[in-house]
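> In order, the protein sequences belong to chains A and B.
Numbering-wise (the working numbering), the first sequence opens with residue 2 and increments by one.
Numbering-wise (the working numbering), the second sequence opens with residue 2 and increments by one.
Worth flagging that the hints you see were computed from the coordinates, not collected in a lab.
Being a predicted model, the structure only gives us computed values, none of them experimental.
Mixed in with the good hints there might be a few duds.
Intra- or inter-copy, both count: the list cannot distinguish identical chains.
[Stated by the list, open to error] Keeping only pairs whose Cα atoms sit at most 25 Å apart, straight-line, the calculated DMTMM-like set for lysine to aspartate or glutamate is:
| no. | residue 1 | residue 2 |
| --- | --- | --- |
| 1 | K294 | E191 |
| 2 | K187 | E171 |
| 3 | K294 | D183 |
| 4 | K222 | D344 |
| 5 | K294 | D193 |
| 6 | K154 | D344 |
| 7 | K290 | E191 |
| 8 | K364 | E343 |
| 9 | K290 | D280 |
| 10 | K354 | E401 |
| 11 | K294 | D280 |
| 12 | K270 | D280 |
| 13 | K356 | D233 |
| 14 | K373 | E401 |
| 15 | K277 | D173 |
| 16 | K222 | E191 |
| 17 | K409 | E227 |
| 18 | K400 | E227 |
Number of protein chains: 2
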Amino acid sequence: MNKTYSVGIAGLGTVGTGFVNQILKFKSNSQKIANIKISKIAVKNIRKKRNIKLSNLPITTNTLSLAKDKNIDIVIELIGGSSGVAYKLIRESLKNKKHVITANKALLAVHGNELAQIAEKNNVSLNYEAAVAGGIPIVKAVRENLRYNNIYKIYGILNGTCNYILTKMENDKGDFKDILKDAQNKGFAEIDPSFDINGIDAAHKIVILSSLAFNVKLDFKSTFIEGISKIDSADFKYARELGYTIRLIAMASISKNSVQQRVHPCFIKKSSDVAKVVDETNAIIVQDKSIGKNIFQGPGAGSGPTGASVLSDLMDILRGTRNLPLGTAISKKLKAKIDNIEDLSFSYYLRIKAKDKPGVLAKISKALSSQKISIESIIQNPPVQTQNAEIILVLHKTKESMLLSAIKKIRKIKDVGSSVKFIRIENSI
Amino acid sequence: MNKTYSVGIAGLGTVGTGFVNQILKFKSNSQKIANIKISKIAVKNIRKKRNIKLSNLPITTNTLSLAKDKNIDIVIELIGGSSGVAYKLIRESLKNKKHVITANKALLAVHGNELAQIAEKNNVSLNYEAAVAGGIPIVKAVRENLRYNNIYKIYGILNGTCNYILTKMENDKGDFKDILKDAQNKGFAEIDPSFDINGIDAAHKIVILSSLAFNVKLDFKSTFIEGISKIDSADFKYARELGYTIRLIAMASISKNSVQQRVHPCFIKKSSDVAKVVDETNAIIVQDKSIGKNIFQGPGAGSGPTGASVLSDLMDILRGTRNLPLGTAISKKLKAKIDNIEDLSFSYYLRIKAKDKPGVLAKISKALSSQKISIESIIQNPPVQTQNAEIILVLHKTKESMLLSAIKKIRKIKDVGSSVKFIRIENSI
Chain A
2 MNKTYSVGIA GLGTVGTGFV NQILKFKSNS QKIANIKISK IAVKNIRKKR
52 NIKLSNLPIT TNTLSLAKDK NIDIVIELIG GSSGVAYKLI RESLKNKKHV
102 ITANKALLAV HGNELAQIAE KNNVSLNYEA AVAGGIPIVK AVRENLRYNN
152 IYKIYGILNG TCNYILTKME NDKGDFKDIL KDAQNKGFAE IDPSFDINGI
202 DAAHKIVILS SLAFNVKLDF KSTFIEGISK IDSADFKYAR ELGYTIRLIA
252 MASISKNSVQ QRVHPCFIKK SSDVAKVVDE TNAIIVQDKS IGKNIFQGPG
302 AGSGPTGASV LSDLMDILRG TRNLPLGTAI SKKLKAKIDN IEDLSFSYYL
352 RIKAKDKPGV LAKISKALSS QKISIESIIQ NPPVQTQNAE IILVLHKTKE
402 SMLLSAIKKI RKIKDVGSSV KFIRIENSI
Chain B
2 MNKTYSVGIA GLGTVGTGFV NQILKFKSNS QKIANIKISK IAVKNIRKKR
52 NIKLSNLPIT TNTLSLAKDK NIDIVIELIG GSSGVAYKLI RESLKNKKHV
102 ITANKALLAV HGNELAQIAE KNNVSLNYEA AVAGGIPIVK AVRENLRYNN
152 IYKIYGILNG TCNYILTKME NDKGDFKDIL KDAQNKGFAE IDPSFDINGI
202 DAAHKIVILS SLAFNVKLDF KSTFIEGISK IDSADFKYAR ELGYTIRLIA
252 MASISKNSVQ QRVHPCFIKK SSDVAKVVDE TNAIIVQDKS IGKNIFQGPG
302 AGSGPTGASV LSDLMDILRG TRNLPLGTAI SKKLKAKIDN IEDLSFSYYL
352 RIKAKDKPGV LAKISKALSS QKISIESIIQ NPPVQTQNAE IILVLHKTKE
402 SMLLSAIKKI RKIKDVGSSV KFIRIENSI
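Here chain A stands alone, though its shape is the one from the complex (with noise of 0.2 Å):
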């Protein structure tokens, strides 16, 4: 811990900043055991105003001059996006023998077997805990704690911003976009907040989760996603009076042959860990054969616990622990069977817009029939108001290809409007 390590930086957003005030703080107070000097932060804009004074600081805009930089040891990427110029930067920093730290999950799940294996044959370390979960300690956790136990699940709440929005319908706080522009004026939710609740961002983390926690290789391209944005108030209330709440579920899972990797809103019961974890808090949980099951719940994102993240990763460079970005080396990992969401089985919740008129029942269920599915109840008297009465159905678990056969027939029967709707229900969670 003697050497002094120099540290160049890329982008000073509010995880940047939130860092590099850290690191000053850090360095003026008592636990002196750290020696960090920061060499070079490079900047886009040097004229936007942010939350720091750049004038005492090594400010450049030329961000990939970071890689070539002879003098720098560590390469702390926090400009983020899945391509571009962090992606230049991290292979090039990579290639030229520094080790890296990144928060970018985005770039980690679309490029991070090419970058793991680049880190490995070179020998330095691709941190990333911010990447997961913000300032929780998960991936350190999963990856040189929890994977030697054979873990079979692993899923929670790995977006803040969709968590906000859910909880506060929940609570009947009003509806979709009226929550989401409150959280856009909180900070909660970004300005273009399309990944957030198109489920993206929590995808790019479960990918990263799947990889370390089952030994195969990262694979976003076939992880299912779907968004919360279909979801509306009328749903929570049908699902209150079924005893269930309504989350967006980042799930892993591994069984004999596959791996399921998924990303889209649940009916969960109110009873459930997910259900309890509440506004912008992320939570994940491990299920392994071993110890049976962990909780990690805490903050997922913001300047402090992201850049409380990244120190950690420092630090561990800093005390000489190199561990393999993936946990294994690339060669050594698998290339998962990801299951199609089709070939799931699921019990629903399927919402019809209909005519208040006799017989559409009958006709509905014999639909369902026709594809073997089973209706568990039904809410006869929904208890909303709209234009058209609707059918609330809970179906008994059924393959998702023939619930999809069993709508496209219903969708054709007279006085059914085209808006039929379901949401999958996840009893074992």
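Please arrange chain B on chain A, whose structure you already have, making use of the hints.
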């Protein structure tokens, strides 16, 4: 990772048996990344019945021979006890430059400073993930991630036996002794449960977490410890009526000049994080200035969870990760000033047996106000039938020494029995 490490294991109780079975399974499964050879297994009594076949294993009864065996690289101590053979084995093994893994919280809490210093001097690991909260990877999380973030409070439920008993009492499933017997039958409590029931086991663990979180030396002696054996079902009934429940809380916190280390039963709000932790589950909550709040929850004991943590310690050594046992060098650890419990302030639940005569309450109020203690609420008609009437008071925050003085006065009041009981209220967790 190509070197084969020779391992010596001392102790084949619940943890040892679980761990050896895990190693054998681990070696035979597909993740063949570990080159581990079990060189010796030391047991006290060869004839004892165990859940493992000894015939194929390299058994010895000479435990201390492991420390001297030149073929052994790593000694795993799973005997237990804060002194005796476990202590000698660990000290000698470290002196002989062997890595040591232990699950022995008692030994670490009492002799940890000395042992960490020997490990440090000889540049070997002393790993103990299993010593605190079984299968929850909290030691690594605090030591390698969270301690850089100015932790000011680390607390939780660190004894599964006590939590099992208290949550059964909470749900009105019987009185202390019956539930303890039930817990013993189910294997959740030891035959001699005194270390659990008296709070000592939880204290061993919180002392270790305090040292890691606050960069102070281990100090078990100055830790305040009070067990749960005096809690009865009436306390739970009163707690419920007041909106609280009761848990054994292990707490460490730091202020400018001093550290709190204490284990005792607490009234906590029904809505608090720890109130949701039921049965034999453990939970640790870490609060710091960067992240905010991280919650870790999982199984705190049992052969599976403990064995899994021992395995993760072993994998750390195999991967070449070397950490100082207590995070920083012993020479850089501060000797903390541990607060005396009498100097701390709490709100209190006070339960007084007294004859139902006019004027008694007035006398009690006078005794309290003489110590400047004010009453927040009174349960006038206790719901429990007892021989004597009872007066239940909730007191505003006051220094504990003031309360003790008031209680002395209350005991002298005519018509008040000798039974004056108080439980601290934790409103901030």
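> None of the hints should be skipped; say for each whether it holds.
Here is what the structure says about each hint:
1. K294 x E191: between (33 Å within a copy, 23 Å between copies)
2. K187 x E171: within (19 Å within a copy, 39 Å between copies)
3. K294 x D183: Between copies, since 23 Å is at most 25 Å while 35 Å is not.
4. K222 x D344: within (17 Å within a copy, 60 Å between copies)
5. K294 x D193: neither (36 Å within a copy, 28 Å between copies)
6. K154 x D344: So K154 and D344 pass the 25 Å test inside one copy only (18 Å; across, 47 Å).
7. K290 x E191: between (39 Å within a copy, 24 Å between copies)
8. K364 x E343: within (24 Å within a copy, 74 Å between copies)
9. K290 x D280: between (31 Å within a copy, 20 Å between copies)
10. K354 x E401: Classified as within; 20 Å inside a copy, 64 Å across copies.
11. K294 x D280: both (23 Å within a copy, 14 Å between copies)
12. K270 x D280: Answer is both; intra-copy 17 Å and inter-copy 20 Å each pass.
13. K356 x D233: within (20 Å within a copy, 60 Å between copies)
14. K373 x E401: within (12 Å within a copy, 68 Å between copies)
15. K277 x D173: both (16 Å within a copy, 24 Å between copies)
16. K222 x E191: This pair counts as within: shortest intra-copy Cα distance 24 Å, inter-copy 51 Å.
17. K409 x E227: within (20 Å within a copy, 66 Å between copies)
18. K400 x E227: within (18 Å within a copy, 55 Å between copies)
Violated hint for the displayed structure: number 5, the only one.
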